[in-house]
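Let chain W serve as the given structure and place chain R on it in line with the hints.
Here the protein sequences come in this chain order: W and R.
Our numbering numbers the first residue of the first sequence as 1 and each following residue consecutively.
Our numbering numbers the first residue of the second sequence as 506 and each following residue consecutively.
By construction, these hints were calculated from the structure, which means they are not laboratory data.
From a predicted model like this one, the values you see are computed outputs, not experimental measurements.
Every residue gets a Cβ at the ideal spot worked out from N, C-alpha and C, and that includes glycine.
Not one of these hints is a red herring.
To give a feel for the contact side, a few chain R residues facing chain W, derived at Cβ under 8 Å:
1. Gly-613
2. Asp-651
3. Lys-676
4. Lys-678
5. Pro-687
6. Ile-690
Computed list of chain R residues with no C-beta within reach of chain W, every gap over 10 Å:
7. Gly-662
8. Asp-696
9. Lys-756
10. Ile-774
11. Glu-784
12. Thr-827
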Amino acid sequence: MNKGQVISGSFGEIIIRQKNDENIEIGEMLVCDNPKLLLQVYDLSFGSQISQQNIELISGMRLEENTDFEFMDEKLRNYNIAYAKNLISLEKGNISKSLPKFFSIVRDIEKEDLKFLEKPKDSIFLGNLRSGSKKIEVPVYLDGKEVFSHHVLIPATTGRGKSNLTSCILFDSIDKNYVGHLVLDPHDEYFGRNEIGLKDHPSKDKVTYYTSNEPPVGGISLKINIEDLKPSHFNGVIDWSGPQKEALTAYYRAYNSKWIESIVLEKPLKIGFNEATLAVVRRRIMNLLDLDFDGNELFCNGIFDITAGKTTISNICNKLENSNTVIIDTSSFSGSLEILVGSMIANEIFKRYKKFKDKGEKKPIISIVLEEAPRVLGKEVLEKGSNIFSTIAREGRKFGVGLMAITQLPSLIPRQILANMNTKIILGIEMAPERLAIIESASQDLSKDNRNIASLDKGEAIITSNFSKFAMPVKIPYFNELVEKYNKEKEPVNDHKKSFVGVKI
Amino acid sequence: MRFAHIADCHLGGWRDQKMRELSIQSFEKAISFIIDKNVDFLLLSGDLFNTSHPGIDILKIAVSNLKKLQKNNIPIYAIAGSHDFSPSGKTMLDVLEEAGLLFNIVKGEVKDNKLRLKFTTDRKTDAKIAGMLGKKGSLERNYYEDLDRENLESEKGFKIFMFHTAIEELKPKSLEKMSAEPISILPKGFDYYAGGHVHIIENRNINNYSNVVYPGPTYPNNFRELEELKQGSFSIFDNGKVESIMIPSKKVTSITINCDMKQAKQVEIEVLEKISNSELYNNIVLLRFKGKLVHSKVQDIDFNKIVKECYSKAAYFVMRNTSLLSDERFEDIRIDEDNVDNIEERLIDEHIEEFKHENELIRKEELLSLMKVLADNKIEGETNTDFESRLIKDIDRVLEKDNI
Numbered sequence: 001m002n003k004g005q006v007i008s009g010s011f012g013e014i015i016i017r018q019k020n021d022e023n024i025e026i027g028e029m030l031v032c033d034n035p036k037l038l039l040q041v042y043d044l045s046f047g048s049q050i051s052q053q054n055i056e057l058i059s060g061m062r063l064e065e066n067t068d069f070e071f072m073d074e075k076l077r078n079y080n081i082a083y084a085k086n087l088i089s090l091e092k093g094n095i096s097k098s099l100p101k102f103f104s105i106v107r108d109i110e111k112e113d114l115k116f117l118e119k120p121k122d123s124i125f126l127g128n129l130r131s132g133s134k135k136i137e138v139p140v141y142l143d144g145k146e147v148f149s150h151h152v153l154i155p156a157t158t159g160r161g162k163s164n165l166t167s168c169i170l171f172d173s174i175d176k177n178y179v180g181h182l183v184l185d186p187h188d189e190y191f192g193r194n195e196i197g198l199k200d201h202p203s204k205d206k207v208t209y210y211t212s213n214e215p216p217v218g219g220i221s222l223k224i225n226i227e228d229l230k231p232s233h234f235n236g237v238i239d240w241s242g243p244q245k246e247a248l249t250a251y252y253r254a255y256n257s258k259w260i261e262s263i264v265l266e267k268p269l270k271i272g273f274n275e276a277t278l279a280v281v282r283r284r285i286m287n288l289l290d291l292d293f294d295g296n297e298l299f300c301n302g303i304f305d306i307t308a309g310k311t312t313i314s315n316i317c318n319k320l321e322n323s324n325t326v327i328i329d330t331s332s333f334s335g336s337l338e339i340l341v342g343s344m345i346a347n348e349i350f351k352r353y354k355k356f357k358d359k360g361e362k363k364p365i366i367s368i369v370l371e372e373a374p375r376v377l378g379k380e381v382l383e384k385g386s387n388i389f390s391t392i393a394r395e396g397r398k399f400g401v402g403l404m405a406i407t408q409l410p411s412l413i414p415r416q417i418l419a420n421m422n423t424k425i426i427l428g429i430e431m432a433p434e435r436l437a438i439i440e441s442a443s444q445d446l447s448k449d450n451r452n453i454a455s456l457d458k459g460e461a462i463i464t465s466n467f468s469k470f471a472m473p474v475k476i477p478y479f480n481e482l483v484e485k486y487n488k489e490k491e492p493v494n495d496h497k498k499s500f501v502g503v504k505i
Numbered sequence: 506m507r508f509a510h511i512a513d514c515h516l517g518g519w520r521d522q523k524m525r526e527l528s529i530q531s532f533e534k535a536i537s538f539i540i541d542k543n544v545d546f547l548l549l550s551g552d553l554f555n556t557s558h559p560g561i562d563i564l565k566i567a568v569s570n571l572k573k574l575q576k577n578n579i580p581i582y583a584i585a586g587s588h589d590f591s592p593s594g595k596t597m598l599d600v601l602e603e604a605g606l607l608f609n610i611v612k613g614e615v616k617d618n619k620l621r622l623k624f625t626t627d628r629k630t631d632a633k634i635a636g637m638l639g640k641k642g643s644l645e646r647n648y649y650e651d652l653d654r655e656n657l658e659s660e661k662g663f664k665i666f667m668f669h670t671a672i673e674e675l676k677p678k679s680l681e682k683m684s685a686e687p688i689s690i691l692p693k694g695f696d697y698y699a700g701g702h703v704h705i706i707e708n709r710n711i712n713n714y715s716n717v718v719y720p721g722p723t724y725p726n727n728f729r730e731l732e733e734l735k736q737g738s739f740s741i742f743d744n745g746k747v748e749s750i751m752i753p754s755k756k757v758t759s760i761t762i763n764c765d766m767k768q769a770k771q772v773e774i775e776v777l778e779k780i781s782n783s784e785l786y787n788n789i790v791l792l793r794f795k796g797k798l799v800h801s802k803v804q805d806i807d808f809n810k811i812v813k814e815c816y817s818k819a820a821y822f823v824m825r826n827t828s829l830l831s832d833e834r835f836e837d838i839r840i841d842e843d844n845v846d847n848i849e850e851r852l853i854d855e856h857i858e859e860f861k862h863e864n865e866l867i868r869k870e871e872l873l874s875l876m877k878v879l880a881d882n883k884i885e886g887e888t889n890t891d892f893e894s895r896l897i898k899d900i901d902r903v904l905e906k907d908n909i
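The shape of chain W in the complex, shown without the other chains (with noise of 0.2 Å):
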């Protein structure tokens, strides 16, 4: 169907006369068929043949006289006007470098249009393809082995749909066997204890879920053995002055894996310390682990335990290992806890793809996604010191490990770290200096599309990615409806009855 035509412009700023009875939205996606190339409309205005001294003399006489003028011949003389970019050239599939015939005539994008759009092996779907506020019947996949090894970043304001974003990936990957997804889930909103959620993806098995909170059939108390724990854990975690961290190192290298216990049993040390500098260390270690102790025993309160978890860190990385996601519900944690028992796996996670990297060995990408990042990857955290988060996001893709990041406020989060992010899954931001830290680290040229991203709603996205043809505009699927119709296009299974063999039925 006919939309407009081209009627001037320059390469990247074409300029299209919007056909009268036809609409354009910001957004749009337009084919002009010579040469066969997809444009996008990042603005739009008015355009009128009649002066606007006249219109405004029209305007008045009919709000201050109440006369009835018309517009003679108002279908000609006053019309929208869109402004377009070149997405790509649609009959080689790649970047488009020509401007389309000048006065040539655009249309509604097609399904056969998009032929070119294919589905790579390992492949993730990230929802269908967008047209303005349009949805088209035409899925976009990624490449997930590249784009989880390489990060992504999911940036939006509140209410925006990243949660339901993220359930979509996730759900989408389990039955995948290129990658495992570690989930930090600070709102416990991702398992679906009570609510529809990855429990209910029809490879379930799948899918391993750790809390500290009565844990559901199934569901594994969270239990980290006090002993496995590192002084380069708390990098990022908690900011030690230089006295306190020499404390940290002095206890864990006089006492190795009871270095916890005995600092705060005040074991004694052969350095000499500041007692106001040990007693520092003792107290922040016992708030942030929930320790306590009565004479010379030690007793764990939260969710690090003298006797038990002793294979939790190395059980949730043989699990990622296999392909599979593993969910740790955060939500009864401090911010600081829970970055603590991340950068605990992460550091497995990382010291154990080295060695495979070394050993030639391959395993499934291992992405771990982190809510609220400028937490962990955050300029002013990272200029106190690197942690596992921020060296993941500058040599994880090299071993196989990647970075989902979440965050409102992508501008907190360095440059060389958003550049490193290869994958940007953009869905509605509205304040202006986040949308500009965005698009200045966008894979595609992003920089006319300002308006268009702040006129994203719910659960509409735009992918800038170095792993697609362009910024490919997407509507990602309501989760509950993703997962209704994904169960239903699996095979139903068959109620034969159950036999319990060594039961005395």
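This is chain R only, laid out in the frame that chain W set:
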């Protein structure tokens, strides 16, 4: 209320006659102790036998001990474990139950494709006992998934749940690769969870699960278990208090030889010296050789001579383990098993004493961090000067221990 809880007897488990006898003796001692303690009943949480079809001699021993308990009016409530349950669903427990020697308490009904377990009530104490069998490869997981928990959890009174499954939260590091299930698969609200399958001694309260008990095997079942546990054990519940009882047996002496960078002859001399300095009379001697020999092969170690030396000191039984021992011939294979990081770490361990910074020993972690910094490449677009100053900064940070 007082009851005993045993598991993992693995009768018939040792191939060697001497060790098999010890294992049986340990089981018999446990039974005698339980009778002496005058318990109300005995819980047997699986793996009474080492196979689903035990030999007649082993069966005879089991029957005679169970009969002793019966004579003393101590009922036995049992579940089948992964070893004494055949894939076709046969277990010798059924025969023993038919003979009136024990109660296999795994019973229930299927309603709407859900398994509803029934309680067995102990006549003397009114304790209500339910449980789930253990199967090979943790296949009982499916049974738990289809378990109707409501009737189990809502039942009033003193309740015991018997299971033969590894619990994820309680797994020791040495059994890291063992298939396990989260504790949440067990029904909640029982007073005692009588576990089996994992050969550890454990008594824990986790969330809503109190007294989750693994009593340990009645006798260690292999070399590693002998090293770790030394002897068998079981548990006694006495009016709310759970006590672990160690079963006295032959003393175990472990001799571990680190063969790294040594020649076979050196190893031989070292081990013989250790043997001559040890009291081995009537002991079980465990010889573990680990590490990598240089300029000689594993076969160059005269193990026969070493073992004979132990017997000359009147050892009861000698076992050797060389699973962690290798020599240069296997270097290529070993590299596959090891990696550069491990080799570096091992070298640092050996030479750590030589590294000092400002008269202070440098820690292994610091050295590894330094090596990592020095292995760093120049970033694209970074000038030589910037690269150099970045390296210096990073090295400073490592040496100031910021990174530890």
